[in-house]
Amino acid sequence: GAGVSQSPSNKVTEKGKDVELRCDPISGHTALYWYRQSLGQGLEFLIYFQGNSAPDKSGLPSDRFSAERTGGSVSTLTIQRTQQEDSAVYLCASSFGGPRFYEQYFGPGTRLTVT
Amino acid sequence: AQSVTQLDSHVSVSEGTPVLLRCNYSSSYSPSLFWYVQHPNKGLQLLLKYTSAATLVKGINGFEAEFKKSETSFHLTKPSAHMSDAAEYFCVVSDQTGNTPLVFGKGTRLSVIA
Chain S
1 GAGVSQSPSN KVTEKGKDVE LRCDPISGHT ALYWYRQSLG QGLEFLIYFQ
51 GNSAPDKSGL PSDRFSAERT GGSVSTLTIQ RTQQEDSAVY LCASSFGGPR
101 FYEQYFGPGT RLTVT
Chain W
1 AQSVTQLDSH VSVSEGTPVL LRCNYSSSYS PSLFWYVQHP NKGLQLLLKY
51 TSAATLVKGI NGFEAEFKKS ETSFHLTKPS AHMSDAAEYF CVVSDQTGNT
101 PLVFGKGTRL SVIA
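Chain order of the listed sequences is S and W. Start counting the first sequence at 1; every next residue gets the next number (this note's numbering). Start counting the second sequence at 1; every next residue gets the next number (this note's numbering).
One chain only, chain S, in its complex shape (with noise of 0.2 angstroms):
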């Protein structure tokens, strides 16, 4: 069956503009998460969505950064006038339920470039 996934692939965008990425997870599952990936570190968490409940957004670094899970089910994680320090690998991973009991599937991320 299809995994997630996750668009575009690659965005190279200049400091100061504002980029939307894209989600689509795995069919029936009703937790979707946003993570940071920079290099030589570990996955960042940023947003967390389960159900129809309030989203976690503990991990969003600023006001910057924002997410919304249209549906129960697509999700955009955008980035108001970005920073150099913004580019990373963003990754989105859904799964059936919480995060304790149930595996995350991961999309291949987004490569966002700021120069």
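No wet-lab data here; the hints were simulated from the structure. A hint or two may mislead.
To be verified - Cross-link-like lysine-lysine pairs, in silico, DSS-like; alpha carbons within 27 angstroms at most:
(1) S/K57 with W/K106
(2) W/K58 with S/K57
(3) W/K42 with S/K11
(4) W/K106 with S/K11
Unchecked claim - A few chain W residues that don't get close to chain S, going by computed Cβ distances all over 12 angstroms:
(5) Q6
(6) T17
(7) V19
(8) N41
(9) G43
(10) E66
(11) A86
(12) E88
(13) D95
(14) K106
(15) I113
To be verified - Some chain W residues well away from chain S (every beta-carbon gap over 12 angstroms; in silico):
(16) E15
(17) G62
(18) K68
(19) E71
(20) D85
Remember, predicted model here, so these are calculated numbers, not experimental data. Note that the Cβ used here is the ideal one computed from N, Cα and C, for glycine as well.
Starting from the known structure of chain S, arrange chain W on it as the hints suggest.
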């Protein structure tokens, strides 16, 4: 709050020799622990997970890990390395509530020498 420390940023082994990737965790509650693998230019894949059942967990591709509460460790092992095992490995912790997302270690890069 939980945290995880991967003790080696890079491990190099010869093909056919054992693999040991070390991980220590800190958690206020009984944790769930995972190992994920990331092959070059590929997505992350779950190797195995511990969720308070058997302390010795077997995963895919011959990997296994043992949960040792007294040592707060969850080391990943494999008896015999294969060239295809070369990848980045992440140790991950989630607390008992299951409501906080996973916390990833910084990763260990495994190199396998022919």
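Just double-check W/T17 for me: nearest Cβ-Cβ distance to chain S has to come out over 12 angstroms. About 26 angstroms separates W/T17 from the closest Cβ of chain S, which puts it past 12 angstroms; holds.
Interface-negative label, W/V19 against chain S, beta-carbon threshold 12 angstroms: About 19 angstroms separates W/V19 from the closest Cβ of chain S, which puts it past 12 angstroms; holds.
Hinted pair, alpha-carbon criterion (27 angstroms max): W/K106, S/K11. Please report holds or violated. holds, 24 angstroms
Would the hint linking S/K57 and W/K106 be met if the CA-CA limit is 27 angstroms? Distance ~21 angstroms between S/K57 and W/K106 Cα, so the pair holds.
Please check whether the beta-carbon of W/E88 is more than 12 angstroms away from every beta-carbon in chain S. About 9 angstroms separates W/E88 from the closest Cβ of chain S, which leaves it inside 12 angstroms; violated.
Is it the case that W/G43 keeps its Cβ farther than 12 angstroms from each residue Cβ in chain S? Given a closest Cβ separation of 4 angstroms, the condition is violated.
If I take the minimum Cβ distance from W/D95 to any residue of chain S, is it greater than 12 angstroms? Since the minimum Cβ distance to chain S is about 8 angstroms, W/D95 lies within 12 angstroms and the statement is violated.
Checking a non-interface call: every C-beta of chain S should be farther than 12 angstroms from the C-beta of W/K68. Is that right? holds, 20 angstroms
Least C-beta distance between W/Q6 and chain S, which was stated to exceed 12 angstroms: violated, 8 angstroms
When you look at the beta carbon of W/K106, is every beta carbon of chain S farther off than 12 angstroms? About 4 angstroms separates W/K106 from the closest Cβ of chain S, which leaves it inside 12 angstroms; violated.
Closest CB-CB distance from W/I113 to chain S, is it above 12 angstroms? holds, 22 angstroms
Claimed clearance of chain S by W/N41, with the beta carbon kept past 12 angstroms: Contrary to the label, W/N41 does not stay out of reach of chain S, its closest Cβ about 8 angstroms off (not over 12 angstroms).
When each numbered hint is compared with the structure, violations occur for hints 2, 5, 8, 9, 12, 13 and 14.
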